[in-house]
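**Q** Single-letter residue listing:
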Amino acid sequence: MSVAAAGASSPGPSFRKRLAARGMDGTTLLVLPGIVATLALFVYPFLYGVVDSLAPKEGPWFANYVKFFSEPFQYNTIFATLWLALPVTIINVLVAIPIAFRVRLMRRQRLLTTILVLPVTLGTVLVADGLLNYLGPRGWFNRTLMFFELIDHPLRLTNNYWGVFASLIITGFPFAFLLTLSYVSGIDPAIEQAAATLGAKARQRFMRIFLPLLAPGLIVTFCLAFVQAFSVFPSAVLLGAPSGPTRVIAIAAYQAAFEQYDHSMGAAIAIIMGLVQLAVILAVLSLRQVLYRGPAAGGKG
Amino acid sequence: MIRDNGLASRLWRFAIWAVVALFVLNLLGVIIAVVVNSLSTRWLGTWLPLGWTTHWYVDAWREFQLTPVLIVTFEIVFAVVIISGLVGVTTAYALARRDFPGKRLMVLIFLLPLLLPPLTYGIPLATVLYRMGVGGTFWGVVLANLVPAIPFVVLVMIPFIEQIDPRIEQAARVFGAPTTSLFVRILLPLLLPGMLAALLLVLVRTLAMFELTFLTAGPTSQTLIVSLYYAVFASGVRASQSIDAMAVVYMVTTLFWLIIALQFVNPTQIVARAKQQPANP
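Chains X and C supply the protein sequences, listed in that same order.
For the first sequence, the residue numbers in our numbering are 1 to 301.
For the second sequence, the residue numbers in our numbering are 1001 to 1281.
Chain C with its partners taken away, still in its complex shape (with noise of 0.2 Å):
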């Protein structure tokens, strides 16, 4: 590392990094003024609330129907988690192992959900699944949270399976071992910390994924985060530590299960989705 002592340069660092105070500082009030609301009795035009109360918390429990929410945003996650893991890994494997006339396609179109925003193909696929009769129905939710997922899993697990040695493989076969057990015995094994990391990427990704479920939830069909962006939406109707309280047990769901993918993943990850240099020393 390289590092330069004169007076302009020492400012330039203090200046980068009392940008990054800043932003850290606003980003943790924004954050930490939701808890602190939601557990106030009244918070108008003071530093601090004037009393403490957990009222709002059984309070947003009753008035958002929090356990049939919570209920079917975990069916409608753990659906999205499983069905993407068989599907996304299967390919994967294909992808990794196999060397075919159109693979760079295929590749090519599983690149393209995750890299368009979903509202742009939201609208169309909404209309889709309305039309077919799923729009509004829990599985609606499901097949719309695939789009994104799927190809997630697939290009997680590609670098994942392609430094995986296929001899290891060749060997079990040598062996006789049947591909059953070979799958079981060896791959699995071999896959497993590639597959849980990207399965709970997928898992926290689809608890905070709002538009595609919004686009496509019915009244039985809302997970969470579109119970809180309805609420919000009428933030009116409610007292907003209400909607706050609701805001805190949405960010305590999504934080236990980022805080789990993190002991596997790097921060990075989330973000850069495939495109992972190796591990830095």
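For reference, chain X alone in the conformation it holds in the complex (with noise of 0.2 Å):
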């Protein structure tokens, strides 16, 4: 603003418009406000959390993390949550592909999307609470079952792993099936058109139109649905089994921090958190790349 004065009496053009001329005028300062927030409410913490994780109470830098993964209680969260976080994405991602297909030829889409909707906006906590009773040994489910005499007494399915699997297929295939639908409705019509009139049948059209037109929306996808699943918290606490099974990492990253009042070792497992599903993210990212190059390289998918 004022500071551009100081080349205005210089040959040639002044700061302020050199300034403008990359972009940068009164306008520009409007980003101000938002990115001053984000630094300071997100990138701040951020980097708070990585220093703080390397101050533990006592001992060298690197003790949280030593603590971590000598204590089988604490780097055993990481297998509990990713044993519930890969089925269940591998899961919901793989049913949103031909659930979605069929739907994007629907004309009336608004109905079944609204429905879908909804578990993702309730959240997880209601559907814990509503999972509680209907999974429950007297529960609708329960009762269905044994109606048509496919089991002979309830199947326990709360309070231990397939609780916690049934709410992250609930509130988690929805979210991947949105996504999905959204990806593919993306893709024109007409390119499957000119496939068909080519001869391709409905598989090899999947497989050599589809499948690499969709294939960076459904990495986008799985990478989300999967970062959702690994940091689930409240329904693992409801309806799992919190010290046992389903000790997902979220749960021991928040009694370190909020029980036992160690904010250090809490930002270390939250880094830790963050760094497995930055390992799978980057996992799947360069899966992409061999099957993107399978069908260039070798002419049949």
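These are computed hints drawn from the structure, not numbers from a lab.
There may be inaccurate statements among the hints.
[Said to hold, decoys possible] List time: in silico EDC-like cross-link candidates among lysine to aspartate or glutamate, alpha-carbon distance up to 20 Å:
id : chain 1 : residue 1 : chain 2 : residue 2
1  : C       : Lys-1103  : X       : Asp-25
2  : X       : Lys-17    : C       : Asp-1099
3  : X       : Lys-57    : X       : Glu-259
4  : X       : Lys-67    : X       : Asp-262
5  : C       : Lys-1103  : C       : Glu-1162
6  : X       : Lys-57    : X       : Glu-71
Using the hints, put the two chains back together into the complex; each one sits in its own frame.
**A** Structure representation (structure tokens):
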């Protein structure tokens, strides 16, 4: 703003004009409130967390990480979380693909998408509360299975692995589906018609036309669905066995920071959580390279 | 649209619709079970409860002190909506209209809080807020909820502002409009539909935002969803009908705003965030 006046007397375009030519003028300054807020509330706490995790209550700077990886009670949470998040995400994304392809052809998608957006909006706490009743030994789910004589006595589906699994499907599947649908309906139907005109069968059209076009979108869907499932917290507490098989890493981080008041350890576990997510995402992204090159090099998808 | 009518593809179609039907049935079952239980006198081991009553709502309202909780919830939510609206729209305007060095990095910084799950950054954020002394207070909860809300408004509004022709503003300038009337009489009416959609979505998302509120809320700054969590967490203490009555109150509150929001946006937009291709015909 007023800083620009300094260059006004010198020959050639003024400082203000040179800045404006690069897109910096009064209007550009309007980004400041947003970027300052995000830097202060997101970037700074994040960096603070990194530094905080390296300043443990006692011991050398890496003591928190050593502690986490030397106690089975702590490091096993990584596997417990992966054991939940990976199967759920794979199921959600794989089931979402064929359904999105069908729903794309539906004329009145609105009702279905509205129903499916309900669990995403209502959130995991409400779903967990509902599932406690619905999947319970006297709930409608078990009663229906017994009514059709598929089982003799009620299945135990709450306060264990399967309760959390079900809640992740109920909230995660609509999320994966709606994302996939938005990618699938972005593909021009004329491309499919062209392939069909040239004699491609449904399977070929899917494998050689849609899949390569959809791959980037599916990768993004998988990554987003995975990080959501990996940071599962309320339903793992309410619907799972939070001290046993569903002691997920989010519970470990929460307990360290807010029950043992060791914010340094809490930050360390949160960072480990982020790193594991990052590792899985990078693995999926590198898988994409393989998938993408396959059909291009071999010619036979 | 191309349709194969062979037996295999018919079976395949049937299987797909069966999966959809099964999912929707279970989903509605979960939601309806909550509503039915909240209205039941006693419901053990039968398909439907023995009798119907509404007294659990009175009980829940008193036991969980829902009046103050609802007041605090809406104070927090509207504070988040107003602040994120003011900050987000101005930021989005600059990002949509100007091209400057570092813009891509800025967009990336705005994208990250939306892509990362709240728990990943919530714990260090809560630590910082508690250290600054706002943790556990009303403004602590508002600040924490702004982290995903501001980027959400920014990323929803950028494409919306980009499609408004800048020549309209230039024409107003040519006719001598000062900045205030340019904003009030030209930009605001044009931006209103987009702002309404973005802010309604922020409202619904903040109502349902559990993690960040849970990590930063104190006893007097709990929103409805956090109170519901504590109620379910201590579920042995109260009758399950009472807890479910509270869950219904939460559901009705959220669905009310969701239905209003759905008048302006496509359901897929709630999930697919900023990445929207042009609407389908």
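**Q** Now look at each hint and say whether the structure bears it out.
**A** Here's how the hints hold up against the structure:
no.: 1; hint: C:Lys-1103 x X:Asp-25; verdict: 14 Å, holds
no.: 2; hint: X:Lys-17 x C:Asp-1099; verdict: 15 Å, holds
no.: 3; hint: X:Lys-57 x X:Glu-259; verdict: 15 Å, holds
no.: 4; hint: X:Lys-67 x X:Asp-262; verdict: 13 Å, holds
no.: 5; hint: C:Lys-1103 x C:Glu-1162; verdict: 15 Å, holds
no.: 6; hint: X:Lys-57 x X:Glu-71; verdict: 17 Å, holds
Violated hints for the displayed structure: none, as all numbered hints are satisfied.
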